[in-house]
Amino acid sequence: MSWIDTVMILLVLTDLAMLGSSRLGVYVRLAALQGVLVGVLPLLVGPGRIGLETAFVVFTTIAVKSVLFPWLMSRIMRGFEARREKEPYVGYTASLFLGVVALGVALWVSRHLPTEETGVHPYMMPAALFSIFAGLVLIVSRRKAVTQVLGYLVMENGIYVAGIVLVPDSPLFVELGVLLDLVVGVFLMGIMIFHIHREFDHIDTDQLATLSDWKPAPAPAVSEEARP
Amino acid sequence: MTWALVLVPAVLGLQSFVTRSNTWRRVLLVAGAIGHFVMTAMAWRNLPAPAWGGWLELDAAGLLFLSITSVLFLAAACYAAGYLSREKASESDLEEGLLFTNQPEAVFTGCLLMFLAAMTLVCLSRHLGLLWVAIEGTTLCSAPLIYFHRHHRSLEAAWKYLMICSVGIALALLGNFFLAVAFSSGGRSASLALSSLTQAGVTPQLVWLKLAFVFLLVGYGTKMGLAPMHTWLPDAHSEAPSVVSALLSGALLNCAFLGILRVWQVLVAAGHADFARPLLVGFGLLSMAVAAVFILGQTDYKRMLAYSSVEHMGILALGVGLGGAAVFGALLHAVNHSLTKAMLFMAAGGILAAYRTKTCSGVKGLARAMPVTGALWIAGFFAITGTPPFGVFVSKFIILRQAFLGGHVWIGVAALVILAVVFVGLALIVLRMAQGEAPEGAGTGALRDVAWTVIPPAVLGVAVLALGLWLPTWLEGVLQQAAHSFGGGL
Numbered sequence: 001m002s003w004i005d006t007v008m009i010l011l012v013l014t015d016l017a018m019l020g021s022s023r024l025g026v027y028v029r030l031a032a033l034q035g036v037l038v039g040v041l042p043l044l045v046g047p048g049r050i051g052l053e054t055a056f057v058v059f060t061t062i063a064v065k066s067v068l069f070p071w072l073m074s075r076i077m078r079g080f081e082a083r084r085e086k087e088p089y090v091g092y093t094a095s096l097f098l099g100v101v102a103l104g105v106a107l108w109v110s111r112h113l114p115t116e117e118t119g120v121h122p123y124m125m126p127a128a129l130f131s132i133f134a135g136l137v138l139i140v141s142r143r144k145a146v147t148q149v150l151g152y153l154v155m156e157n158g159i160y161v162a163g164i165v166l167v168p169d170s171p172l173f174v175e176l177g178v179l180l181d182l183v184v185g186v187f188l189m190g191i192m193i194f195h196i197h198r199e200f201d202h203i204d205t206d207q208l209a210t211l212s213d214w215k216p217a218p219a220p221a222v223s224e225e226a227r228p
Numbered sequence: 229m230t231w232a233l234v235l236v237p238a239v240l241g242l243q244s245f246v247t248r249s250n251t252w253r254r255v256l257l258v259a260g261a262i263g264h265f266v267m268t269a270m271a272w273r274n275l276p277a278p279a280w281g282g283w284l285e286l287d288a289a290g291l292l293f294l295s296i297t298s299v300l301f302l303a304a305a306c307y308a309a310g311y312l313s314r315e316k317a318s319e320s321d322l323e324e325g326l327l328f329t330n331q332p333e334a335v336f337t338g339c340l341l342m343f344l345a346a347m348t349l350v351c352l353s354r355h356l357g358l359l360w361v362a363i364e365g366t367t368l369c370s371a372p373l374i375y376f377h378r379h380h381r382s383l384e385a386a387w388k389y390l391m392i393c394s395v396g397i398a399l400a401l402l403g404n405f406f407l408a409v410a411f412s413s414g415g416r417s418a419s420l421a422l423s424s425l426t427q428a429g430v431t432p433q434l435v436w437l438k439l440a441f442v443f444l445l446v447g448y449g450t451k452m453g454l455a456p457m458h459t460w461l462p463d464a465h466s467e468a469p470s471v472v473s474a475l476l477s478g479a480l481l482n483c484a485f486l487g488i489l490r491v492w493q494v495l496v497a498a499g500h501a502d503f504a505r506p507l508l509v510g511f512g513l514l515s516m517a518v519a520a521v522f523i524l525g526q527t528d529y530k531r532m533l534a535y536s537s538v539e540h541m542g543i544l545a546l547g548v549g550l551g552g553a554a555v556f557g558a559l560l561h562a563v564n565h566s567l568t569k570a571m572l573f574m575a576a577g578g579i580l581a582a583y584r585t586k587t588c589s590g591v592k593g594l595a596r597a598m599p600v601t602g603a604l605w606i607a608g609f610f611a612i613t614g615t616p617p618f619g620v621f622v623s624k625f626i627i628l629r630q631a632f633l634g635g636h637v638w639i640g641v642a643a644l645v646i647l648a649v650v651f652v653g654l655a656l657i658v659l660r661m662a663q664g665e666a667p668e669g670a671g672t673g674a675l676r677d678v679a680w681t682v683i684p685p686a687v688l689g690v691a692v693l694a695l696g697l698w699l700p701t702w703l704e705g706v707l708q709q710a711a712h713s714f715g716g717g718l
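Just so you know, the sequences run in chain order A and B. For the first sequence, position 107 (counting from the first letter as 1) is numbered 107 according to this note's numbering, and the numbering increases by one without interruption. Just remember that this note's numbering sits 228 ahead of the position in the second sequence, which is counted from 1.
Derived by calculation from the structure, the hints in this document are not laboratory data. The beta-carbon is built from N, C-alpha and C at its ideal position, and this holds for glycine as well. Hints are supplied without guarantee of correctness; some may be wrong.
Claimed, not checked - Estimated spans, in silico, between C-beta atoms of each pair:
# : chain 1 : residue 1 : chain 2 : residue 2 : range
1 : B       : Val-335   : A       : Ala-63    : 22 to 30 Å
2 : A       : Leu-10    : B       : Leu-524   : 46 to 54 Å
3 : B       : Pro-599   : A       : Leu-98    : 55 to 63 Å
4 : B       : Thr-527   : A       : Asp-5     : 52 to 60 Å
With the rest of the complex left out, here is chain A (with noise of 0.2 Å):
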């Protein structure tokens, strides 16, 4: 077993780690794990010589995404009373069940992917396309707003593998990439926790939910029949 599947194992443990855990401390040490593990692939799916692009690669995908995500996070959760994941729309043991079965999913996708790119290293594509169906999972299914950004993190960490693999040849194109959406991303998330924190002393997006056409309509009057 090469290094690569190694790494590939444990991305997919850490996806399934964050699908069946509560707590948000864990969800950050995972994601900063995570950070580590996609960090090193381009060292060991590379030519076997390290250039200076590579290099570069390296240490920024690691700094931002195990580094400075990380704190950002717990710096953002560190006013808050809240440390677990509360009622997810998608249970723990249910997003676990989902997890596996789309895990059966990612790998029957990739064998009938035309293998040029993929076959060199056969479980980087499942890993990839599991890893952001984890993601979506999480952004979908869990209620603070925390947790949706992690998840999105996750899903990056997918896109990302997915680029090594099939763009092998210009890591520097996908990792600016990636980076550059996180960046987005994640700032801005970070920063419009910080107001929903503020606005609502908590931050769980449920209370996000005033805009919609779906609003229940005012409870009509019993009528008299119809009481007992």
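Mind docking chain B on chain A? Use the hints.
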């Protein structure tokens, strides 16, 4: 010159962040808009030279969308200068009576100008990676604009906008990777420069090309507001200040549409456009249908306009999907829709400032209380629903005609039925608002026409009317050229 189009608004935007005087900021805003407009007008005389190794180049399609952006921004800047002079630093909420503060004006003006720079970059990009960066940039600059009024509803709108569009943009990035694989040869990934992707004799791998198109369509389609990825759009458009809604709807959605068109251009050049037609037609019809359902019985007139934008984005996708003359129609429709929708949002801003409510039922006697705004509101309604002699009628007619002539009778019939439903839905709301007795105190205080809320939309309205009566040859030439590069044309 090419660089100046991007850099002038960007530098003025940065200047606006640091300067101290609010008056000076408004001067910067209007000056930036005029400067951009003049440079765009000069580009019509002769196209500026490519810059940055061909990554930045203005072609017919880019020029068309750049002009839409520039005209709208000029109107919006004049409107915003008046709007900002009236806004107080803190106000009581219109719907719930809460006190809230506004974003500092430095952030608002600065972000507006940076937003213009980002949208210009979208129009100039001839490299799909750069295009992606620019579209990402528009999200960055526009999120603070939506959160101008700092209260919980605009916060919710901005959060949804940021979250949903970020996920969409991330999927588009994945689509770009797939595109690089599709065009790779001999183990080397392809450059994403449009010129090398569309040159003759390149044979992409079909599976990756299809995957790329689907991901890019969904990714940019999120930003464009195609159903079912449109959910951020009504919230953002209704909570942002009206002038920002006008820009989002008239300029930003078009920029995302241009993103899809660029990928479409690659498909057309490679000769593989046919598999994607049903996708565009399907998303188009679905967007129109969803919008029609939510327009019927809508209680908030700004949300009504937002859903109308979803409907028109659907018409654009439908037009491109049908091909032939409909592509020409879709591009013309983008122009018409932008002008009309910006006019309607600006009129809505005037109504909101006067009546201080966004509910349709709270506005009565508009035609009597504010004759000019009322006239604009009704004219805008007739224009947007495609009543002759406005320009929207012409472009909708071209698209529908192609549907019937091209043998897609059922698509044409479905589109017509949806358009009829939308007409009824909008008529019920708009006409009820315009009719009736004027409320107490009409003609005095806030309840009167104000120059800055009526002149910019009136100019846009005249432009839409003119486009319906007469299509200038210079505009027709550029539309033809652009439509030709997207595999269509009259």
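Compare the structure with the hints numbered earlier in the document and write down the numbers of the violated ones, lowest to highest. none
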